[in-house]
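So you can see what is in the structure, the chains are spelled out below.
Protein chains: 2
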Amino acid sequence: MIKVTPGATVGILGGGQLGRMLAMAAVQLGYHTHIYCPDEKNPAEQVTDKISRFDYEDEKALIGFAKAVDVVTYEFENIPVETVNILSRYVTVFPSAEVLQISQDRLHEKKFLNNINVNTAPYAPVSTMNEAIEALKQIGYPAVLKTRRFGYDGKGQAIVRTERDVQRAWQSLNSCEVIVEGFIDFDMEISVLAARGQDGEIKCFDPAENIHKNHILDLSIVPARIDPVLRKQAVEIAHHIVSELNYVGVLAVEFFVSSSDPIFRVNEIAPRVHNSGHWSIEACPTSQFEQHIRAICGLPLGETSLYGRAEMKNLIGDEILDMDIYLKDPDANFHHYGKREARPGRKMGHVTRIFPHILPK
Amino acid sequence: MIKVTPGATVGILGGGQLGRMLAMAAVQLGYHTHIYCPDEKNPAEQVTDKISRFDYEDEKALIGFAKAVDVVTYEFENIPVETVNILSRYVTVFPSAEVLQISQDRLHEKKFLNNINVNTAPYAPVSTMNEAIEALKQIGYPAVLKTRRFGYDGKGQAIVRTERDVQRAWQSLNSCEVIVEGFIDFDMEISVLAARGQDGEIKCFDPAENIHKNHILDLSIVPARIDPVLRKQAVEIAHHIVSELNYVGVLAVEFFVSSSDPIFRVNEIAPRVHNSGHWSIEACPTSQFEQHIRAICGLPLGETSLYGRAEMKNLIGDEILDMDIYLKDPDANFHHYGKREARPGRKMGHVTRIFPHILPK
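Protein chains in written order, with the working numbering: chain A, 1 to 361; chain B, 1 to 361.
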């Protein structure tokens, strides 16, 4: 157990909006922040004490960074495991390299989940198209081919409805590390943000209902509009996962909710703060960002109950141009990530509405 | 009217906790920030894009700063008016130099307030001890001698209960710019944070009740526990003041509430965000900091209604050592200003508790 007290420096790998909001939470708790990020211009550099602009493979720069900070975390799971290994020789990194390794690879992730009795979609790892066709005979159609690594926002995925779709789907992935996943005909996707402290304390946020548009999260509504029994079950599963991982920090668990499927299945986990938890900034005494910083710094975890019903809307691309509408909306808390160019599909900001008079059951 | 859009840079004079929280609010709205501050180490430098460390009298540095930012504001009213005059030749500064001039001098402030039919304590400007003794014959005892300029947290003030107190009081002030103020036997001090946009739109926060310890704000409770009619009146007076000043930004108005005095009197005004409004970060859709940034940038003002009853406690000096108690309190939102040394009387952080189930009347 390391306790990192205010005045110390929290190092963050990655300079996107998640790094930015992590840095702001760290600052509110009295920490200095130091962002490590290869990108020339990034949203987090506007709020950090120090920035190191180097590649994730630059060992010398990583060592310098590790020596300049008191604890390290990361804002996304696609950094090389070797980066965390190098840093870990000089400074504590949360979440650990082991956790990162599991969550970077859909195969490792599903194996881990099934091993701890958490259900996922049925799946099979394949490395050739013919193996995929064979696996699909077991799993059945429709199904989804997914690259094992580096997928996000619907990238690295292709649906196959019949055997005729397989060739095009296979070629589109351009990878020989693929899993075939049974297609879950879900009614809703929900997610739970779970936090575990260094001392094993665990606190979960209420499950959020996530609505996507063009494979990108559009809306999160909390609490998810499902049977409270299911909500409780989702929280228990998330609790179980962070416990079994000996996890430190905030982890996101995505679930499929399907009225036609009696089994409650986990879609994926992400070892970090998550877009589907941004409402926690205003809707809870402790946000997911503050909770993550508390966990990695060895502070007690904070309260996660809701002040009221909450809705978070992502502002994607040109949607940021509606800024004035949101600024005038009395229920809206507006966040702009400071990115200059509103490219299509780019997350430019978000808006959270809180309805304290609608208290969740 | 200038509209400063996200991506632009907000310049802030002063690097204390108010500058820090202003910078964080600016960042959330998508702005870059640039702090100008003579202090070597300051709480705001941890969250700003750029920092200029120069004296407020350094004309060359001020011009460089003015040219590097798109709008300027300040976190405290004791910067030289000449600093704002220099900056104003190159960039828009809100609040204006005129407002600053009024609020820097208790005499100008009281004259202005009385001119617009706002009541204050009875007062008289004096420049010698004999003048003070003469004035006290009119105003009566007890009374307070106050330096006209640079007073804060009870500094630059001395109570006189009888004529025998005058000599010591006079000498303690060490100034020849003094006002004699009638002592108001108040039951409560309240404050209203009022915001006015460049277009004249005005929005006020609910009046807060302020409780001091050793002349330093200890607690703010909102809404103030007084007759709702008085609360309404206080808001109307604050509204009137920012309107008459053609003010742009957030301004704090402090009132005395006295059951023995039928006249509702303003104690002082401060042309800036204010310690007694920190609860607005969590208790309202728009915080005082965000409201100030919105006003100076020409954005629409935000909603100021309360999510629930709120209490803000300052953490002064060693009180910051109770950090873990606050971190474990499920109702508490903890803020640490990142100052290393917990000197007595120093504002080290604050805690806000929100009670959304106790909705204000």
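Certain hints may be false.
Claimed, not checked - FRET-style restraints, in silico, Cβ to Cβ:
| no. | chain 1 | residue 1 | chain 2 | residue 2 | range |
| --- | --- | --- | --- | --- | --- |
| 1 | A | Lys41 | B | Pro38 | 46 to 52 Å |
| 2 | A | Arg53 | B | Lys111 | 52 to 58 Å |
| 3 | A | Lys41 | B | Asp199 | 31 to 37 Å |
| 4 | A | Pro344 | B | Glu98 | 43 to 49 Å |
| 5 | A | Asp324 | B | Met129 | 41 to 47 Å |
| 6 | A | Glu341 | B | Glu303 | 28 to 34 Å |
| 7 | A | Ile325 | B | Pro262 | 42 to 48 Å |
| 8 | A | Glu59 | B | Glu40 | 30 to 36 Å |
| 9 | B | Asp39 | A | Glu303 | 54 to 60 Å |
| 10 | B | Glu98 | A | Asp218 | 45 to 51 Å |
| 11 | B | Glu98 | A | Glu59 | 28 to 34 Å |
What the hints assert, rightly or not - Calculated cross-link-like contacts (lysine-lysine; reagent style DSSO-like; alpha-carbon spacing at most 30 Å):
| no. | chain 1 | residue 1 | chain 2 | residue 2 |
| --- | --- | --- | --- | --- |
| 12 | A | Lys155 | A | Lys67 |
| 13 | B | Lys339 | A | Lys41 |
| 14 | A | Lys41 | B | Lys328 |
| 15 | A | Lys137 | A | Lys155 |
| 16 | A | Lys339 | B | Lys67 |
| 17 | A | Lys50 | B | Lys67 |
| 18 | A | Lys67 | A | Lys50 |
| 19 | A | Lys232 | A | Lys41 |
| 20 | B | Lys232 | A | Lys328 |
| 21 | B | Lys50 | A | Lys60 |
| 22 | A | Lys50 | B | Lys155 |
| 23 | B | Lys60 | B | Lys111 |
| 24 | B | Lys328 | A | Lys3 |
| 25 | A | Lys213 | A | Lys50 |
| 26 | B | Lys213 | B | Lys328 |
| 27 | B | Lys41 | B | Lys60 |
| 28 | B | Lys41 | A | Lys3 |
| 29 | A | Lys213 | A | Lys339 |
| 30 | B | Lys60 | A | Lys41 |
| 31 | A | Lys67 | B | Lys155 |
| 32 | B | Lys339 | B | Lys328 |
| 33 | A | Lys50 | B | Lys50 |
| 34 | A | Lys3 | B | Lys111 |
| 35 | A | Lys339 | B | Lys328 |
| 36 | A | Lys232 | B | Lys328 |
| 37 | B | Lys67 | A | Lys41 |
| 38 | A | Lys67 | A | Lys111 |
| 39 | B | Lys41 | A | Lys41 |
| 40 | A | Lys339 | B | Lys50 |
Simulated from the structure, these hints should not be mistaken for lab results.
Beta carbons: idealized from backbone N, C-alpha and C, even for Gly.
Quiz prompt | Violations among the numbered hints, reported as their numbers in ascending order | solution = Structure breaks hints 1, 5, 9, 11, 12, 14, 19, 22, 23, 25, 31, 34, 35 and 38.
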